[in-house]
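Each chain is listed here by its residues.
Protein chains: 2
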Amino acid sequence: MEWEAIQNRLNTLLENGRHGELRGAMMMLNEVDIAQYMETLDKDKLLLMFRILPKDISADVFSYMSAEQKQTLIESIGDNEIRALIDDMFLDDAVDFLEELPASVVKRVLQTADPEKRNLINQFLRYPENSAGSLMTIEYLEFHGEDTVRQAMELIRKEGLDKETIYTLYIIDSTHHLIGTLPLRKMILASEDTVLSSIMERNPVSVCTTDDQEKVAELVRRYDLYAIPVVDKEDRLVGIITADDVMDVIEEETTEDFEKMAALTPSDDEYLKTSPFKLALNRIPWLLVMAIIAIFTGLIITKYEDVLQATGSVGIILTSCIPMLMDTGGNCGAQSSTLIIRGLSLGQITLKDFFKALWKEFRVAIIVGAVLFIFTFLRVMYVNPLFMENGTGITWQVALVVSAALFCTIMLAKALGCAMPMLAKRLGLDPALMASPMITTVVDMSSLFIYFNIAKMVLHL
Amino acid sequence: MEWEAIQNRLNTLLENGRHGELRGAMMMLNEVDIAQYMETLDKDKLLLMFRILPKDISADVFSYMSAEQKQTLIESIGDNEIRALIDDMFLDDAVDFLEELPASVVKRVLQTADPEKRNLINQFLRYPENSAGSLMTIEYLEFHGEDTVRQAMELIRKEGLDKETIYTLYIIDSTHHLIGTLPLRKMILASEDTVLSSIMERNPVSVCTTDDQEKVAELVRRYDLYAIPVVDKEDRLVGIITADDVMDVIEEETTEDFEKMAALTPSDDEYLKTSPFKLALNRIPWLLVMAIIAIFTGLIITKYEDVLQATGSVGIILTSCIPMLMDTGGNCGAQSSTLIIRGLSLGQITLKDFFKALWKEFRVAIIVGAVLFIFTFLRVMYVNPLFMENGTGITWQVALVVSAALFCTIMLAKALGCAMPMLAKRLGLDPALMASPMITTVVDMSSLFIYFNIAKMVLHL
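Listed in order, the protein sequences are those of chains A and B.
Each residue of the first sequence is one higher than the one before, counting from 1 in this note's numbering.
Each residue of the second sequence is one higher than the one before, counting from 1 in this note's numbering.
A portion of the hints provided could be inaccurate.
One copy or two, it doesn't matter: identical chains are merged, so the pair holds either way.
The calculated DSS-like cross-link candidates involving lysine-lysine, where the alpha carbons are at most 27 Å apart (straight line), are [stated by the list, open to error]:
1) Lys117 with Lys55
2) Lys158 with Lys186
3) Lys45 with Lys158
4) Lys456 with Lys303
5) Lys352 with Lys45
FYI, nobody ran anything at the bench for these hints, they're computed from the structure.
Based on the sequences and whatever the hints tell you, model everything.
Encoded structure:
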């Protein structure tokens, strides 16, 4: 059935107060879809719907709801309901949810949780945001090297239900250090009396609680893991991070890169749910910074006004080529910086490759520059005169000035587009900040400077 | 141990011909790392190393090698070795690998494979590139609804070793239609005599062989799946796609978006491994397209030359503000288009939201425009004169012209930045094509047109 048809039926049931049928319908749907449906409801209906939900899936549905709807709901339900909800949620989902709430609501929620859970949540809330510690869950199973396959299966049958994954077994020694992992599939294929230490994989890939989520994502992607173990500073196993949470991290980090590359202050909010005021606030600072830099670009023009006011049509031709020069420079810089930024973030390029990348960009710039040099020379010589009342001023020297300046601009734009993101990374900044808008602004200034000086030299202005 | 230290030791062992120790060292390493190490070797050493590799991991290591190294290797080894390699690889990895090779090599590889495998590979090679069919693997286990847990466990023990995942059981009816899925964890917790149909999840999420990989990625991300079943047009189960392959797809699609947004022809090659000529070829077409559009921007300037040559310092002030106007317009457009493109690709914005998004951008543009209007007005009035020898021409009317044109440009840039990606999507094009470079070029032209007309009106030129 189409999603719209499903929505319509649910709406009808809800409006006619047919709660039994509604609950039955819910049982047939996926938690993600129910959460999406609940996004469309107003406060009263949301609350009603939440109470109709089969109890065993309400915590799951809740985890998939948006931060706004979660908060609306929390503010409407009683302490007992909150407590039940928090107790049913996986710890990492509960922590994520609390991190999104205002402090006052967090306080209320924590007061209602049972003391043990509260302690755990508090501990998790202390991990730095975006660290492996804040992402991990403690719902995993621990085993010892001397356990047999039979014992391990018993433990899984007994306690596996509440764990986020049972597909990797984490094996620790008596001091709680992680000594190996064992994929469940490998264990199932082994005989019942095998001890785990004889079939486990030693030296498992792991991360530390304080590692950044970017590192977590890189390792999971690199080693195709379903889950990665998290250890503390003393190398003791304290949690795991599952692949589905890592996918969300990758998505978030990528969106941040896109935003920084477009001169936006990164934000976790969904576009359609963010107020115009907040959106404007994310955009204005960078626009102002770049408008300030553009003042200097303008000053260069004022400084060389004699060039632009050259006699005949030369001045106007030179002026009319400014947009082309600026745009091409900006676009060339953006092409290089995007490839470098993406390469850095996927780990395909490292800082050690600085000169290798620069040398590559240098060669690319020569090819691209040559093609555009020829195009522009011909264009100024033969196309521009067609559109001018008085095209007599256009000599091959003028065409040479424009195309030579363009060539230099391309060389410079490619070099800066390659070097600036890498220098940013070297300085501990995010390379994505050195993307198109920043490069464009810097290239503009330099290219006009080059342009006017070439004009002065060649045309003796 | 640090990666560099590991590499050095392996190099020493390799150079001294200590093959036994080298093989032992390999056994301690992860396949991904071994493949990475092999990237650094020349042809002879690569071949030597490959033959030293423990046989049971050589196919895995091979899957993780780069296309270039794979081809080098294939061209050096004998038919029997190729055959053993292909037979040991998972089918989807083998198909991926063959898709990267030149036709002549593919022919040789297929001739050596056993007939059954060859048929399967041929069938897979016929699925359109980037379709679910070309991504899927057939190494999964099928069960019937009337099977008991005991029977299912037996089948898993017997055949699970060669399957890509055994963590989800796919349950079919007598006509091979997919009727349900069952997470292994749920089955392990059930008693041995339970029949699968009583505990399976009905209406499983699935994709069709012809569905695009973007849809696959969206569903896996949305429903947090470890693997998604693939059905043919008659709804019969034909394969599965695992989450690790989906992560690669997401990474690839995102990189494509980045590339298109920077006016690059998307390419699957790693930056450092691509020749300067190929890189230049990916960049030149769009640069030329935009250079051609910029001709018209230049023509607008020629058309209004009287405005820029206005008496006193008015003409030069107006000229000097062109870069600021163009840059701010481009940046504003890029901000909007990036948010819209990203929102569209994450499914947070749909075409139905067109007017909602436009109305939001309209309000954002008014706020951003107002702030930059004030900034620019003050700047032209009070900052510019400081840097000019003859600043007498700067009246409040000139400042008004510049800031009013900027305000209009921002309104236009935001509207186009929002509308163009959505229109592209409506027309079946990729929204990412309508990113910063394209928007900048279009906004430039319109903003200069607005600028000169406001100047003519207000300053009576």
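Taking the hints in turn, this is what the structure says about them:
1. In the homo-oligomer, the alpha carbons of Lys117 and Lys55 lie at most 27 Å apart inside one protomer (20 Å), although the nearest pairing across protomers, at 49 Å, exceeds that limit.
2. Taking CA atoms no more than 27 Å apart as the test, Lys158 paired with Lys186 passes in both settings, with 20 Å inside one copy and 12 Å between copies.
3. For a Cα distance limit of 27 Å, the shortest separation of Lys45 from Lys158 qualifies neither inside one copy, at 38 Å, nor across copies, at 51 Å.
4. Both within a single protomer and between protomers do Lys456 and Lys303 lie at most 27 Å apart by alpha-carbon distance, with minima of 13 Å and 24 Å respectively.
5. With identical chains, the CA atoms of Lys352 and Lys45 are at most 27 Å apart between copies only, with a shortest distance of 24 Å across copies and 58 Å within one.
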